[in-house]
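Listed below are the residues making up each chain.
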Amino acid sequence: MLHENFYSKKWKYVNITSSLGSIIEISGLVKQYSNSESNAVDGVNLTVNKGSIFGLLGPNGAGKTTIISILCGLVKATEGMVVVGGNNVDSGLNRVKEIIGVVPQEIALYPTLTAKENLEFFGKLYDLKGNELSDKINEWLDKLGLSDKANQRLETFSGGMKRRVNLIAGLLHDPQVLFLDEPTVGIDVQSRNVIVEHLKEINEKKGITIIYTSHHMDEAENLCTDIAIVDHGKIITEGTPKGLIEAHTDCERLEDIFLKLTGKSLRD
Amino acid sequence: MLFIMPLFLIVTMAIIMDAPFKDYQDVGVELLIVNEDNDTLGNIIERGLKKSDVFTVIKNINGKELTRKSIESLIKKGDYMIGIVIPKGATNDVNEQVNELVSSMLHQFGMELEQNNKPKKIGEVKIQVYLDPAIKQSFANTVISSIKSFTSQVESKLILDGFYVQMTEEPTMNSQKPQAGFIQFEEIYPSGAVDKSEKIFTNSVQHNVPAWTVFAMFLTVAPLASNMIKEREGGSMLRLMVAPGSYLTLLTGKLLFYVGICMIQFVLMMLVGIYLLPFVNLPSLVIGNSFFGILLVALMVSFAATGFGVLVGTVFTSYQQASIFGTVIDVIMAAVGGIMVPLFAMPDVMKTIGRLTPLNWGMESFNDLFLRSAGITEILPEVFQLFSFAVATLILAWWLNRKNMVV
Ligand SMILES: Nc1ncnc2c1ncn2[C@@H]1O[C@H](COP(=O)(O)OP(=O)(O)OP(=O)(O)O)[C@@H](O)[C@H]1O
Ligand SMILES: [Mg+2]
Numbered sequence: 001m002l003h004e005n006f007y008s009k010k011w012k013y014v015n016i017t018s019s020l021g022s023i024i025e026i027s028g029l030v031k032q033y034s035n036s037e038s039n040a041v042d043g044v045n046l047t048v049n050k051g052s053i054f055g056l057l058g059p060n061g062a063g064k065t066t067i068i069s070i071l072c073g074l075v076k077a078t079e080g081m082v083v084v085g086g087n088n089v090d091s092g093l094n095r096v097k098e099i100i101g102v103v104p105q106e107i108a109l110y111p112t113l114t115a116k117e118n119l120e121f122f123g124k125l126y127d128l129k130g131n132e133l134s135d136k137i138n139e140w141l142d143k144l145g146l147s148d149k150a151n152q153r154l155e156t157f158s159g160g161m162k163r164r165v166n167l168i169a170g171l172l173h174d175p176q177v178l179f180l181d182e183p184t185v186g187i188d189v190q191s192r193n194v195i196v197e198h199l200k201e202i203n204e205k206k207g208i209t210i211i212y213t214s215h216h217m218d219e220a221e222n223l224c225t226d227i228a229i230v231d232h233g234k235i236i237t238e239g240t241p242k243g244l245i246e247a248h249t250d251c252e253r254l255e256d257i258f259l260k261l262t263g264k265s266l267r268d
Numbered sequence: 001m002l003f004i005m006p007l008f009l010i011v012t013m014a015i016i017m018d019a020p021f022k023d024y025q026d027v028g029v030e031l032l033i034v035n036e037d038n039d040t041l042g043n044i045i046e047r048g049l050k051k052s053d054v055f056t057v058i059k060n061i062n063g064k065e066l067t068r069k070s071i072e073s074l075i076k077k078g079d080y081m082i083g084i085v086i087p088k089g090a091t092n093d094v095n096e097q098v099n100e101l102v103s104s105m106l107h108q109f110g111m112e113l114e115q116n117n118k119p120k121k122i123g124e125v126k127i128q129v130y131l132d133p134a135i136k137q138s139f140a141n142t143v144i145s146s147i148k149s150f151t152s153q154v155e156s157k158l159i160l161d162g163f164y165v166q167m168t169e170e171p172t173m174n175s176q177k178p179q180a181g182f183i184q185f186e187e188i189y190p191s192g193a194v195d196k197s198e199k200i201f202t203n204s205v206q207h208n209v210p211a212w213t214v215f216a217m218f219l220t221v222a223p224l225a226s227n228m229i230k231e232r233e234g235g236s237m238l239r240l241m242v243a244p245g246s247y248l249t250l251l252t253g254k255l256l257f258y259v260g261i262c263m264i265q266f267v268l269m270m271l272v273g274i275y276l277l278p279f280v281n282l283p284s285l286v287i288g289n290s291f292f293g294i295l296l297v298a299l300m301v302s303f304a305a306t307g308f309g310v311l312v313g314t315v316f317t318s319y320q321q322a323s324i325f326g327t328v329i330d331v332i333m334a335a336v337g338g339i340m341v342p343l344f345a346m347p348d349v350m351k352t353i354g355r356l357t358p359l360n361w362g363m364e365s366f367n368d369l370f371l372r373s374a375g376i377t378e379i380l381p382e383v384f385q386l387f388s389f390a391v392a393t394l395i396l397a398w399w400l401n402r403k404n405m406v407v
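Residue numbers (the numbering used here), protein chains in the order written: chain A, 1 to 268; chain B, 1 to 407.
Just so you know, these hints were derived from the structure itself, not from any lab.
Here a beta-carbon is modelled for each residue, glycine too, at the ideal position from N, C-alpha and C.
Treat the hints with care, as some may be off.
[Stated by the list, open to error] Simulated restraints on C-beta separations:
1) D79(B) - S38(A): 30 to 40 angstroms
2) G160(A) - V349(B): 38 to 48 angstroms
3) G159(A) - L251(B): 22 to 32 angstroms
4) G159(A) - I376(B): 41 to 51 angstroms
5) W399(B) - K129(A): 46 to 56 angstroms
6) Y33(A) - I376(B): 26 to 36 angstroms
7) E197(A) - I395(B): 40 to 50 angstroms
8) Q190(A) - W399(B): 42 to 52 angstroms
9) F384(B) - Q152(A): 47 to 57 angstroms
10) I264(B) - K143(A): 35 to 45 angstroms
11) W399(B) - A150(A): 35 to 45 angstroms
12) G253(B) - E201(A): 29 to 39 angstroms
13) F384(B) - Y33(A): 34 to 44 angstroms
14) Q32(A) - L251(B): 44 to 54 angstroms
[As the list claims (entries may be wrong)] Over the 10 angstroms line for every Cβ pair with chain A, so calculated as not near, a few chain B residues:
15) K59
16) A140
17) Q184
18) S236
19) R239
20) P244
21) I294
Can you make the complete structure from the sequences, with help from the hints?
Following this line, the structure appears as C-alpha cells:
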C-alpha cells in the first residue's frame with residue numbers, strides 16, 4: 001500500500017512539473033522521404049510549452065505537415081527524438097495517441113456518412129459514448145453553425161463545411177495536445193473568426209495545447225502565443241509574435257517578417 | 001491497367017478455352033495402369049496405350065509398381081483422374097471366348113470341327129476403369145471411348161488370330177466385322193460415400209456449384225480493395241491511425257467483416273445448390289458428410305479472399321483500378337484454376353499454373369469433400385495452402401503499408 005502511494009505521488013509530481021514546462025520536445029529531427037534526395041525536415045529542435053498555442057508557419061513545402069505527422073506517429077523520423085507529453089513517439093506511441101487530437105490538412109472523413117455519423121464514429125474511437133458523445137457533437141455542430149446539416153451526408157457539404165466537421169472530429173475528445181494542420185484553409189472570414197475564438201476558448205478553459213500551421217499570418221499573429229517560422233525543413237526563427245515584431249524593427253506585421261526571412265520567390 | 005487487364009483476360013481465356021476443343025489430343029492425360037494379366041491382351045493394351053498420344057501411361061510411381069489398391073487410393077485422393085486394371089487371366093478368358101466364337105462361326109459355315117456346338121458361357125473379361133468422381137462425365141466418356149476403340153482393335157486382332165489357329169488356310173471373312181465385345185468395361189468411381197448411387201457424383205451441379213462458389217467468394221476482393229482505397233483517399237484511414245492503439249483491432253474487425261461476407265456468399269450458393277436447383281429440374285447438390293470440413297474450407301477460402309483483397313487494396317492507388325483488377329484477376333484465376341475448364345484438360349504449363357491459384361485449392365477441397373467423401377485429413381494440405389496464402393498476403397500488405405506510411 002505504502003509502496004503504491006509512493007509511486008502515485010511521484011507520478012503526480014512528474015506530471016506537475018511537466019504541466020509547468022514543455023509538452024513537446026523535438027531534438028535533432030531529420031526526415032528524408034525514401035523517394036526524395038533532400039530532407040523534408042532538416043535538423044529541427046523545438047520545445048512547445050504546455051498550454052500554449054504554437055504556430056508553425058512557413059511557405060509551401062517547408063515541412064510543416066511532415067513535422068506534425070512525425071509528432072503524431074504517422075511518419076517515422078529518419079533521425080532525432082520526439083517526445084510528446086512525456087512519451088517518446090517511437091516507443092510510447094500508444095500513450096501519445098491517447099493524449100493527442102489531429103485535424104489533418106486534408107479532409108479525413110467518410111463522404112457517405114452524415115456529419116453526425118462521422119463524428120460518432122470517430123468519437124467512439126476515443127471511448128466517448130452515449131449521451132456524453134451526442135451532447136458534445138451537438139454542442140460543437142452548434143458552435144460551428146452546422147446544426148441544421150447534422151444529418152446530411154458529408155458529400156453534400158461545401159468545402160468549408162467539410163473543413164468544420166473535419167475540425168470537430170479532431171477535438172471532440174478534449175485531447176491534451178491538438179494538432180491543427182491549416183484548419184482554416186478555404187473557410188470564409190465569418191467562420192474563421194468563430195473557429196479562432198473557439199480555439200482560444202478551449203485553450204484557456206481546458207488547457208489544451210494547440211499546435212497550429214497556417215499561411216494566414218494575421219490569424220497566427222492574433223491566435224498564437226508562440227511562433228516558429230520554418231523553411232526548407234529548418235526553423236529560421238522563433239518567439240512570441242510580439243517579440244518577433246519588436247526584434248525586426250523594420251517590420252510592422254508578422255507577414256513582413258515572414259517575407260523578409262523566407263524571401264519572395266515562389267515555392268513548389 | 002484498364003486496357004491491360006482485359007487483354008490479359010482474353011489471352012488467358014483463349015488458351016484455356018482452346019483446350020477442350022483439342023479433344024484431349026495433345027494434352028496427354030495421365031493414366032495409371034495395372035497389368036495383372038501380363039499376357040498377350042494386357043501387354044498389347046499397355047503397349048498400345050503407351051504409343052497413343054492421348055495418354056501418358058504411368059505404371060510406376062516413385063519406383064513402385066502400381067497395384068489395384070494403390071490405383072484406387074490415388075484416384076480417390078484426386079491425385080490422378082483415370083486408372084485401368086487389366087485383371088489376371090484376361091488373355092486366357094478372351095482366348096477361350098474367341099475360340100468359342102470362332103468355332104460357333106465355323107459351325108455356321110458348316111465347317112464344324114467338333115461335336116460340341118453349344119457355346120459354353122465363359123467368364124467375361126472385365127477391364128476396370130477407375131475414374132475420379134470429380135471428373136466430368138463428358139470427359140470420362142471421351143476417355144473410355146478412346147480406350148474402347150483401342151481394345152476393340154485388340155479384340156479383332158485376337159479373333160483373326162483365332163481363325164488362324166483353328167484353320168490352316170486364310171480366313172474368308174475379311175469383309176465381315178467380327179462382333180466384338182468380349183471385353184467389357186466397368187466404370188468404378190472410388191469414394192467412401194455412403195450413398196451408393198454413383199450417378200450423383202458425376203452431374204454438372206456437383207461440379208459447378210462448388211467451383212463457382214469459390215469464384216463468388218473471391219469476387220469480394222474487388223469491393224474490399226476499392227473500399228480500402230476509398231478510405232485511404234478520403235483520409236479517414238489517417239484518423240484511424242492516429243486514434244489510440246485500436247488500429248489493429250479495427251483492422252481485425254474489418255477483416256472479420258469481409259470474412260463474414262464471404263461466408264454469407266458461401267452459404268447462399270450452397271442453399272441455391274441444394275434447394276433451388278431442384279426446382280429447375282437439376283439434381284440437388286450433395287455436400288458429403290463432413291460438416292466441419294466444409295466449414296473449415298469455407299472459412300479458409302474466405303480468409304484467403306479477404307487477405308488477397310487487403311493486398312490488392314494496398315498495392316493499388318485508385319479504387320477503379322483495384323476494382324477492375326479484383327474482378328478480372330478472379331475471372332482469370334477461375335479460368336486458370338480449373339473452375340471453368342477442368343485442370344486435367346489443360347496443357348501442362350497451365351496445369352502447373354492452375355495448381356498455384358487459391359481458387360483451385362478451394363475448389364479441390366470442396367470436390368474432395370463433396371465428391372470424394374474425404375475427411376478433414378485429406379483436405380488439410382489445401383486448407384493449409386489457403387491459410388498460408390491468407391497470412392502471406394496480409395503480411396505483404398502490412399509490410400508494403402509500413403514502407404510508404406506517410407500522410
Ligand atoms: N509522401 C511524401 N513523399 C515524398 N516527399 C514528400 C512527401 N510528403 C511531403 N514530401 C516533401 O516534403 C517536403 C515538405 O512537405 P510538407 O508537406 O511537410 O510541407 P508543408 O510545409 O506542409 O507544405 P504546405 O504548406 O504546402 O502544406 C516537400 O518538399 C514535399 O515535397
Ligand atoms: Mg502541409
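Here's how the hints hold up against the structure:
| no. | hint | in the structure |
| --- | --- | --- |
| 1 | D79(B) - S38(A): 30 to 40 angstroms | violated, 59 angstroms |
| 2 | G160(A) - V349(B): 38 to 48 angstroms | violated, 59 angstroms |
| 3 | G159(A) - L251(B): 22 to 32 angstroms | holds, 30 angstroms |
| 4 | G159(A) - I376(B): 41 to 51 angstroms | violated, 57 angstroms |
| 5 | W399(B) - K129(A): 46 to 56 angstroms | violated, 35 angstroms |
| 6 | Y33(A) - I376(B): 26 to 36 angstroms | violated, 50 angstroms |
| 7 | E197(A) - I395(B): 40 to 50 angstroms | holds, 49 angstroms |
| 8 | Q190(A) - W399(B): 42 to 52 angstroms | holds, 47 angstroms |
| 9 | F384(B) - Q152(A): 47 to 57 angstroms | holds, 50 angstroms |
| 10 | I264(B) - K143(A): 35 to 45 angstroms | holds, 43 angstroms |
| 11 | W399(B) - A150(A): 35 to 45 angstroms | holds, 41 angstroms |
| 12 | G253(B) - E201(A): 29 to 39 angstroms | holds, 36 angstroms |
| 13 | F384(B) - Y33(A): 34 to 44 angstroms | holds, 40 angstroms |
| 14 | Q32(A) - L251(B): 44 to 54 angstroms | violated, 28 angstroms |
| 15 | K59 | holds, 58 angstroms |
| 16 | A140 | holds, 51 angstroms |
| 17 | Q184 | holds, 67 angstroms |
| 18 | S236 | violated, 5 angstroms |
| 19 | R239 | violated, 5 angstroms |
| 20 | P244 | violated, 4 angstroms |
| 21 | I294 | holds, 36 angstroms |
In this structure, the hints that do not hold are numbers 1, 2, 4, 5, 6, 14, 18, 19, 20, in rising order.
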